[in-house]
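**Student:** Numbering (UniProt numbering), first residue to last: 1 to 146.
Honestly, the hints are just simulated from the structure, not real lab data. Where hints are given, some of them may not hold.
[As the list claims (entries may be wrong)] In silico DMTMM-like links for lysine to aspartate or glutamate, alpha-carbon gap of 25 Å or less:
hint	residue 1	residue 2
1	Lys136	Asp124
2	Lys4	Glu14
3	Lys84	Asp73
4	Lys30	Glu47
5	Lys118	Asp138
6	Lys84	Glu14
7	Lys79	Asp124
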Amino acid sequence: MQTKIRPASSDDIESIEEIENSTNLMPWTKAQFISSMEVGHYSTVLEHAETIIGFAIYSPIIPESHLLNIAIDPAYHRKGLGDKLLKQVILQNKAVGVKVINLEVRVSNLVAINLYKKNGFYKDAIRQDYYSKPEKEDALLMSLII
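Generate coordinates for the entire structure from the input sequences, incorporating the hints supplied.
**Tutor:** Okay, here's the thing in structure tokens:
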């Protein structure tokens with residue numbers, strides 16, 4: 001499958017929001033995506049046939065970066081695209097001098113946890129009751145040294 005990864009723009013927010021709403025139990029709002037872009041978070045989209053099928057948002061504050069959000073359209077799951085997008089995020093962070101990438105993930109999200117582990121992230125700690133919707137759930141804190 002031929003794909004393209006490029007920086008996101010404000011024109012992409014509706015497509016990003018659609019993917020977010022179909023993948024996240026506690027989805028960001030349109031206002032949160034707009035605010036994220038306005039404050040300078042790095043936003044990247046993954047396209048196939050000119051259609052956005054994934055996105056990633058991260059905040060590098062050298063020497064660290066925080067992976068804030070990453071998702072692939074459910075219609076494109078199990079095709080290695082999450083891995084491809086995550087690898088690109090890692091490369092982009094490395095290129096700007098980041099040494100460590102941090103993230104939080106629901107303890108129940110085993111697919112994401114396995115993706116992060118496959119890419120070298122390790123478990124740091126558990127943050128209790130980090131997620132409040134649809135019900136309280138702990139977050140697994142993970143890091144990657146690059």
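**Student:** Compare the structure with each hint and give your call.
**Tutor:** Hints and how they fare:
1. Lys136 - Asp124: Measuring from Cα to Cα gives roughly 20 Å; hence the hint holds.
2. Lys4 - Glu14: Given pair Lys4, Glu14 holds - Cα atoms ~18 Å apart, limit 25 Å.
3. Lys84 - Asp73: This hinted pair holds, its Cα atoms lying about 14 Å apart.
4. Lys30 - Glu47: With Cα atoms ~20 Å apart, Lys30 and Glu47 stay inside 25 Å; holds.
5. Lys118 - Asp138: At roughly 21 Å apart (the allowed maximum being 25 Å), Asp138 and Lys118 satisfy the hint.
6. Lys84 - Glu14: holds (22 Å)
7. Lys79 - Asp124: Distance of about 28 Å is beyond 25 Å: violated.
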